[in-house]
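Trainee: Could you put together the complete structure from these sequences and hints?
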Amino acid sequence: MSSGIDFVSSAGSSDFEPKLETRQLIGKIFAIACLLSTLVGLVILAALIVDVVQDGAPRLNSSLLTQYPSRKAIESGYKAALWGSVWMLTYVLVLAVPIGVGSAIYLEEYAPKNWLTGFIELNIYNLAGVPSIVYGILGLGLFVRGLYSGRAVLVTGILTIALLILPPIIVVAREAIRAVPQSIRQASYGVGATKWQTIRHHVLPVATPGILTGVIISTSRGVGETAPLVVLGAGTVLFDPKAAPINFGALFSGRFSELFKDTVWSSDNFFSVLPYQIYEWVGDPKADFQTLASAGIIVLMLLVLGMNAIAIFLRSRSS
1 MSSGIDFVSS
11 AGSSDFEPKL
21 ETRQLIGKIF
31 AIACLLSTLV
41 GLVILAALIV
51 DVVQDGAPRL
61 NSSLLTQYPS
71 RKAIESGYKA
81 ALWGSVWMLT
91 YVLVLAVPIG
101 VGSAIYLEEY
111 APKNWLTGFI
121 ELNIYNLAGV
131 PSIVYGILGL
141 GLFVRGLYSG
151 RAVLVTGILT
161 IALLILPPII
171 VVAREAIRAV
181 PQSIRQASYG
191 VGATKWQTIR
201 HHVLPVATPG
211 ILTGVIISTS
221 RGVGETAPLV
231 VLGAGTVLFD
241 PKAAPINFGA
251 LFSGRFSELF
261 KDTVWSSDNF
271 FSVLPYQIYE
281 WVGDPKADFQ
291 TLASAGIIVL
301 MLLVLGMNAI
311 AIFLRSRSS
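All the letters of the sequence shown, read from the start, carry residue numbers 1 to 319 under my numbering.
Hints may contain errors.
[Unchecked claim] With a cut-off of at most 25 angstroms between alpha-carbon atoms, the simulated DSS-like pairs for lysine-lysine come out as follows:
id: 1; residue 1: K261; residue 2: K242
id: 2; residue 1: K79; residue 2: K195
id: 3; residue 1: K286; residue 2: K72
id: 4; residue 1: K242; residue 2: K79
id: 5; residue 1: K113; residue 2: K195
id: 6; residue 1: K79; residue 2: K286
The set of hints was computed from the structure by calculation and includes no laboratory data.
Mentor: This is how it looks when you write it as structure tokens:
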């Protein structure tokens, strides 16, 4: 008879058995190290939050959001910056979401799988990780100096932030569309639906929660960005930015030459946003303005946390 391996006798021995206790000890040490790292991060974050809340709590009142900036800290507020953020965010979403989701649909459902598509996908992933200040430099050269002759108006901030959040939206939207089971597509094709009908009635409804999550997270990043707006030259303003897409008064009165006067596209439509206003007051030597900056940080932090909470809720519902 040919000799073979005795699996019964060899099953009880192992080259790792003498080191089992050592390996278990290393595993416990690693788990403790991970726990300590998490605790250190949480403690530092909690300390920063407590410090900001203690500094800014005295100014957390209704006047904080209803007063314009002033030379006197007691009379200053974030009204102009808040409305600047609201209008910029609104137009950024109107601009970036259709382009981002449309690009994701094309790349995932229609684009041929060749070297050009691969090259585009690679660059989109790379652009999603580019530092925001690079987008600020791009916006400065392309929009501020190219379109508005050196004026940092609201539309230049909208276009720059839209470029900033566009790659992450495309990436997340593609992942959400790719996660839709192929069986759903095949069942739709099986009953005679076209590709567009399948995408519209079956793929997009299933992928919508994931897409919305990506849009909200990307937008929360755009809301909190300061570097690109500093590069653009956004400033502290004492008035609300003009937000209408067209001048309706000129439209209804027949003054079509003034259709875009005093609108979001105007070359005198200067603006400020919450992160930039905070940046300005943090650097002020007066303690009252620094307290005002801390209050603004709390408002911005609550806004970003609220947007992320909505994203988590949508993701939990979809799963």
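Trainee: All hints are to be evaluated individually against the structure, with a verdict given for each.
Mentor: So, going through the hints one by one against the coordinates:
1. K261 with K242: 10 angstroms, holds
2. K79 with K195: Status violated; Cα separation ~48 angstroms.
3. K286 with K72: 10 angstroms, holds
4. K242 with K79: 14 angstroms, holds
5. K113 with K195: Holds: K113 and K195 sit about 17 angstroms apart, inside 25 angstroms.
6. K79 with K286: Holds, at roughly 21 angstroms.
Of the numbered hints listed earlier, the single one contradicted by the structure is hint 2.
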